[in-house]
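Colleague: Work out the full structure: start from the sequences and follow the hints.
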Amino acid sequence: MAREQMTGSEIVLKALTEQGVTEIFGYPGGAVLPIYDAIFQQNRIRHILVRQEGGAVHAAEGYARSTGKVGVVLVTSGPGATNAVTGLTDALMDSIPVICLTGQVPTHLIGNDAFQEADTTGITRPCTKHNYLVKDTEDLARVVHEAFHVATSGRPGPVVIDLPKDVLMALGSYTAKSKVKVKSYAPQVKGDLGAVKRAVEAIAKAKKPLIYAGGGVINSGPAASQLLTQFVKMTGAPCTLTLMGLGAFPASDKQYMGMVGMHGTYESNMAMHDCDAMVCIGARFDDRVTGLLSKFAPNSTKIHVDIDPSSINKNVPVDIPIIGDIAHVLEDMIKIWRSTQAKVDAKALKSWWTEIDAWRSIECLKYTQDKKTIKPQYAIERLYELSKKSKKDTFITTEVGQHQMWAAQYFHFEKPNRWMTSGGLGTMGYGLPAAMGVQVAHPDALVVDIAGEASYLMNMQELSTIAQYRLPVKSFILNNFYMGMVRQWQELLHGGRYAESYMSSLPDFVKLAETFGMVGLRATKPSEVDDVINEMINTDQAVIVDVHVDQKENVFPMIPSGAAHNEMLLGPDDKTEKPVSEEGMVLV
Amino acid sequence: MNAEIQVENSHTIAVLVDNEPGVLARVIGLFSGRGYNIESLTVAETDNVNNMSRITIVTTGTPMIIEQIKAQLGRLVPVHNVTDLTTEGASVERELALVKVVGEGEKRVESLRIADIFRARVVDSTNSSFVFEIVGDTGKLDAFIRLMEPLGLTDVSRTGVAAISRGVTALDAAY
Ligand SMILES: Cc1ncc(C[n+]2csc(CCOP(=O)(O)OP(=O)(O)O)c2C)c(N)n1
Ligand SMILES: [Mg+2]
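Read top to bottom, the protein sequences are chains A and Z.
Quick note: the first sequence uses this note's numbering, first residue 1, plus one each step.
Quick note: the second sequence uses this note's numbering, first residue 589, plus one each step.
Just so you know, these hints were derived from the structure itself, not from any lab.
Model, not experiment: these values are computed from the prediction.
Here a beta-carbon is modelled for each residue, glycine too, at the ideal position from N, C-alpha and C.
Be careful, since some hints might not be right.
Output of the computed footprint for chain Z on chain A, the stretches with three or more beta carbons under 8 Å from beta carbons of chain Z [to be verified]:
#: 1; segment: 119-128
#: 2; segment: 181-187
#: 3; segment: 312-326
To give a feel for the contact side, a few chain Z residues facing chain A, derived at Cβ under 7 Å [said to hold, decoys possible]:
#: 4; residue: Gly617
#: 5; residue: Gly621
#: 6; residue: Met652
#: 7; residue: Glu655
#: 8; residue: Gln656
#: 9; residue: Ala659
#: 10; residue: Gln660
#: 11; residue: Arg663
#: 12; residue: Val665
#: 13; residue: His668
Estimated spans, in silico, between C-beta atoms of each pair [to be verified]:
#: 14; chain 1: Z; residue 1: Thr747; chain 2: A; residue 2: Gly495; range: 51 to 59 Å
#: 15; chain 1: A; residue 1: Ala348; chain 2: Z; residue 2: Gly610; range: 52 to 60 Å
#: 16; chain 1: A; residue 1: Gly496; chain 2: Z; residue 2: Thr747; range: 56 to 64 Å
#: 17; chain 1: Z; residue 1: Thr634; chain 2: A; residue 2: Lys335; range: 42 to 50 Å
#: 18; chain 1: Z; residue 1: Ser598; chain 2: A; residue 2: Leu293; range: 20 to 28 Å
#: 19; chain 1: Z; residue 1: Glu596; chain 2: A; residue 2: Leu171; range: 53 to 61 Å
#: 20; chain 1: Z; residue 1: Gly662; chain 2: A; residue 2: Leu171; range: 34 to 42 Å
#: 21; chain 1: A; residue 1: Leu171; chain 2: Z; residue 2: Ser713; range: 55 to 63 Å
Modeller: In structure tokens form, the structure reads like this:
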């Protein structure tokens with residue numbers, strides 16, 4: 001029996017619909033016009049028209065990170081595809097499931113330097129988890145279904161599907177998701193029970209245990225965060241989170257020590273240095289976390305739970321590797337902890353906490369707010385308090401720079417999926433489109449992009465998208481008139497020669513808001529901060545808040561490049577005593 | 589870190605992949621992108637029913653790097669199986685080379701004599717040249733080529749290493 005024939009474009013949309021896609025972020029062009037025509041003729045999938053393809057990918061990332069679903073992008077061939085590259089790399093580094101459909105010139109022109117041709121699969125091979133070039137309409141449905149499997153299973157990531165125009169226009173038949181069997185890619189989700197058992201023994205035996213969790217917990221789903229919380233409680237151990245992991249464990253919990261790493265808290269880093277058993281859950285011993293590798297947690301037994309075997313023993317050799325999905329492994333850990341009636345060394349744990357409390361008492365995040373200049377830390381602290389008071393479900397995205405670190409330090413998350421930041425790639429311009437994607441997924445939530453003014457200028461064309469779809473996205477700009485993070489490093493490492501890190505001719509952000517029909521607010525004195533924040537929260541349309549903050553403020557505490565966890569700089573006066581080493585100078 | 593961990597060794601890795609466009613670029617890109625060595629790489633379709641190719645890679649690295657290479661290969665989507673033939677039991681390795689030697693008189697005779705010792709075959713000859721075909725492990729080929737150098741060696745083409753485990757075990761396609 002001949003199967004029903006439809007165009008390639010219709011097949012793509014049908015497959016997306018079957019995969020549960022309801023929104024896609026895109027930008028049209030010649031090569032994808034057939035898909036746009038098919039989109040026009042249906043109403044299951046809503047298309048959000050961005051203003052630059054880079055924005056589409058970040059929007060899809062925000063959408064994915066805040067929902068646990070796949071973010072879908074549609075761009076044209078050539079420049080459409082190359083504009084998507086930064087976002088794809090960002091999604092790869094932060095393990096965000098994104099599917100990016102790219103148009104391509106017709107198959108008979110591939111390789112001829114045709115108009116708007118780019119070797120998209122070649123260009124995106126190293127910045128995607130996988131990519132496909134579909135040459136036959138009959139393969140389309142299978143490839144789309146397989147792409148969803150690849151993007152979401154194991155360690156999630158971006159997948160590109162390159163679609164030549166003739167393949168989109170030809171007729172073919174549809175293959176249902178249930179009929180597609182992925183041949184080769186089947187990551188292990190259940191951890192080895194022997195290893196889990198040894199891990200439980202090692203944690204129970206420890207005198208100074210520590211749990212260090214990251215973005216993998218969030219990728220594993222909300223259940224993983226609950227299991228993590230349960231496990232931390234059972235063990236009585238202190239818990240620290242990576243930048244990507246914020247929200248995986250409730251920040252208000254007594255066992256939480258704050259973020260770890262370069263700008264993490266003193267107590268987290270000191271505890272990491274001194275612990276005798278470390279459980280790394282869904283994190284990857286990134287250089288921002290470990291500091292100097294040769295002095296990283298020298299006396300600890302290391303347990304590493306990760307779904308990606310290539311993360312194990314990559315930077316840091318571990319004693320007990322467990323490959324599997326975080327939720328599955330934590331469930332087994334909890335079960336085995338109970339069934340073996342594991343007991344912690346209560347006395348040792350008590351004195352461990354005494355040590356930790358002493359580090360806490362340093363109050364490494366303390367700052368002083370005078371009456372004149374707004375401290376960026378204060379602005380974020382007030383944003384946190386007032387948004388909490390508003391009782392709105394609050395999602396924070398950030399750009400990249402000092403403001404990002406202050407947001408990580410001073411905004412606190414109780415739940416996963418509420419914090420979207422570009423961790424691995426550090427992409428300025430991520431926050432505004434990401435916030436847009438979050439708001440599309442959560443129309444009634446309070447979505448705030450905590451931004452630096454320089455980063456904001458990298459993707460502010462998306463304000464037009466935000467206006468078009470009446471998305472009530474809030475931009476909270478900590479305006480220090482500098483590429484603050486660059487200035488901080490120049491101060492620290494280059495004798496205060498601030499080469500090209502100052503920006504003049506910034507737009508008037510209040511007027512900028514107004515040109516898009518949004519609300520623009522400004523605070524230049526500490527006394528104005530609460531008012532603008534309250535007004536921002538209570539305005540049900542998009543708002544840009546321009547907060548003029550102290551231009552000289554630096555992010556502390558800090559593990560300078562090439563230093564160890566116990567060599568943190570606590571404040572500006574620390575730097576002369578502990579100059580950055582030569583090895584440290586070459587690190588980024 | 590102790591010294592043993594830092595020692596670099598040569599490993600022969602067999603990778604079973606779907607024979608699809610771009611798969612070799614993925615493997616090579618992984619090595620260049622992450623700074624791993626490739627000493628030799630061979631690839632050809634080995635199963636035309638299931639449309640699969642076998643890639644044999646000879647690489648060097650510390651044990652930690654070799655583990656990384658295997659894990660990184662293992663997570664490529666078209667990869668079905670990664671086997672380290674160097675560590676997982678005994679294996680046989682062979683390479684073929686075509687070696688052109690140009691010369692006359694005593695040198696020409698000497699090259700034939702050496703070819704005989706190495707069991708290399710003459711596959712082409714003119715009055716002033718030979719093309720030898722030699723099969724063996726990499727060391728044997730290296731030795732042969734070195735001996736041919738003073739005798740008029742002008743051209744070498746090598747296939748790279750093909751390798752297979754000894755005994756009954758085979759690479760599992762793991763469908
Ligand atoms: C696309 C991109 N280009 C360059 C950088 C390097 N960089 C990191 S932070 C930063 C300055 C960011 O300035 P701003 O957005 O004003 O944030 P601030 O540090 O002042 O809070 C720069 C240039 C980057 N991370 N991303
Ligand atoms: Mg700035």
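Colleague: Next, verify each hint and record whether it holds.
Modeller: Here is what the structure says about each hint:
1. 119-128: With 4 residues closer than 8 Å to chain Z, the segment 119-128 of chain A meets the three-residue bar; holds.
2. 181-187: holds (count 4)
3. 312-326: Three-residue rule met by the segment 312-326 of chain A, so holds; n is 4.
4. Gly617: Where the cut-off is 7 Å and the nearest Cβ of chain A is about 6 Å from Gly617(Z), the hint holds.
5. Gly621: Given a least distance of 5 Å, the restraint on Gly621(Z) holds.
6. Met652: At 6 Å from the nearest chain A Cβ, Met652(Z) passes the 7 Å test, so the hint holds.
7. Glu655: Nearest chain A Cβ about 6 Å off; hint holds.
8. Gln656: 6 Å, holds
9. Ala659: Holds. Min distance 4 Å.
10. Gln660: Cβ of Gln660(Z) sits 5 Å from chain A, so the hint holds.
11. Arg663: OK, holds: Arg663(Z) within 7 Å of chain A, min 6 Å.
12. Val665: It holds, given that the least Cβ distance between Val665(Z) and chain A is near 4 Å, below 7 Å.
13. His668: This hint holds: His668(Z) lies near chain A, its Cβ roughly 5 Å from the closest one there, short of 7 Å.
14. Thr747(Z) <-> Gly495(A): 51 to 59 Å: 57 Å, holds
15. Ala348(A) <-> Gly610(Z): 52 to 60 Å: The hinted range 52 to 60 Å holds for Ala348(A) and Gly610(Z), with Cβ atoms some 54 Å apart.
16. Gly496(A) <-> Thr747(Z): 56 to 64 Å: With Cβ atoms ~60 Å apart, the hint holds.
17. Thr634(Z) <-> Lys335(A): 42 to 50 Å: Cβ of Thr634(Z) to Cβ of Lys335(A): about 44 Å, so the range 42 to 50 Å holds.
18. Ser598(Z) <-> Leu293(A): 20 to 28 Å: Taking Cβ atoms as reference, Ser598(Z) and Leu293(A) lie about 26 Å apart, which means the hint holds.
19. Glu596(Z) <-> Leu171(A): 53 to 61 Å: 56 Å, holds
20. Gly662(Z) <-> Leu171(A): 34 to 42 Å: Given about 38 Å between the Cβ atoms, the range holds.
21. Leu171(A) <-> Ser713(Z): 55 to 63 Å: The hint (55 to 63 Å, Cβ to Cβ) holds, given that Leu171(A) and Ser713(Z) are roughly 59 Å apart.
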